[in-house]
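**Q** Sequence:
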Amino acid sequence: MRLSLPLFFFLSFVGITAPASAVEPVNETFFGSLAIHGYDPVAYFIEKKPVKGEKSFSYEWEGAKWLFASNENLKAFEKAPEKYAPQFGGYCAWAVAHGSTADIDPEVWSVVDGKLYLNYSKDIQKKWNADRAALIKKGNEEWPKIVDGGDQ
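With mature numbering (1 follows the signal peptide of the UniProt record, and there is no 0) applied, the sequence shown covers -22 to -1, 1 to 130.
It cannot be assumed that every hint is accurate.
[As the list claims (entries may be wrong)] Below, simulated DSS-like cross-link-like pairs (lysine-lysine); rule was C-alpha separation at most 25 Å, straight line:
no.: 1; residue 1: K43; residue 2: K30
no.: 2; residue 1: K115; residue 2: K61
no.: 3; residue 1: K43; residue 2: K57
[Unchecked claim] Computed spacing ranges between beta-carbons, pair by pair:
no.: 4; residue 1: K33; residue 2: P122; range: 27 to 37 Å
no.: 5; residue 1: E60; residue 2: K115; range: 16 to 26 Å
no.: 6; residue 1: K33; residue 2: P59; range: 25 to 35 Å
no.: 7; residue 1: K115; residue 2: P59; range: 29 to 39 Å
no.: 8; residue 1: P3; residue 2: K26; range: 38 to 48 Å
Treat the hints as calculated values from the structure; they're not laboratory data. Beta carbons are placed, not taken as given, at the ideal position from N, Cα and C, and that holds for glycine.
Assemble the whole structure, with the sequences as input and the hints as a guide.
**A** Here's what the structure looks like:
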């Protein structure tokens, strides 16, 4: 089969000839590569609320820039980033459980069994809360497929 040059470029551009692509392991803002839209991940655990981080307390991890409200929170994250980083790379937990990704609202969150989960909106969080245990289990199954860009 012979492809015309324009068709070849079109297929290459849209990725028809390539396997599904993986997502970034950490959900970042478009400008600045900020994780969690610049909110402090440690604050969800320590202060039990979302708190905006400061540029003066930043840390690079998993290719994203993480901001913190204090030096103490920064140091805690440096020692154990997996403990404080949101699950599923900071993407909407409900979306990941359904095999997709979506951005988050850092004000819409929950800590379950010592792990931080973020959601797209309060309406989505209601759906998340209705069957949280099953959705966490499903999200844990789906996340590796999403990061790798296809079925395993």
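**Q** Each of the hints needs a verdict: does it hold here or not?
**A** Status of the hints after comparison with the structure:
Distance hint between K43 and K30 is fulfilled; the C-alpha atoms sit about 13 Å from each other, no more than 25 Å. With a CA separation close to 18 Å, the supplied pair K115 and K61 stays within the 25 Å bound. Distance hint between K43 and K57 is fulfilled; the C-alpha atoms sit about 16 Å from each other, no more than 25 Å. Between K33 and P122 the Cβ separation comes to about 33 Å, which falls inside the hinted range of 27 to 37 Å.
E60 and K115 have their C-beta atoms about 19 Å apart, which keeps the hinted 16 to 26 Å range intact. Look at K33 against P59: about 19 Å separates their beta carbons, and that is not inside 25 to 35 Å. In this structure the supplied range 29 to 39 Å is violated for K115 paired with P59, their Cβ-Cβ distance being about 23 Å. At roughly 26 Å, the beta carbons of P3 and K26 sit outside the given window of 38 to 48 Å.
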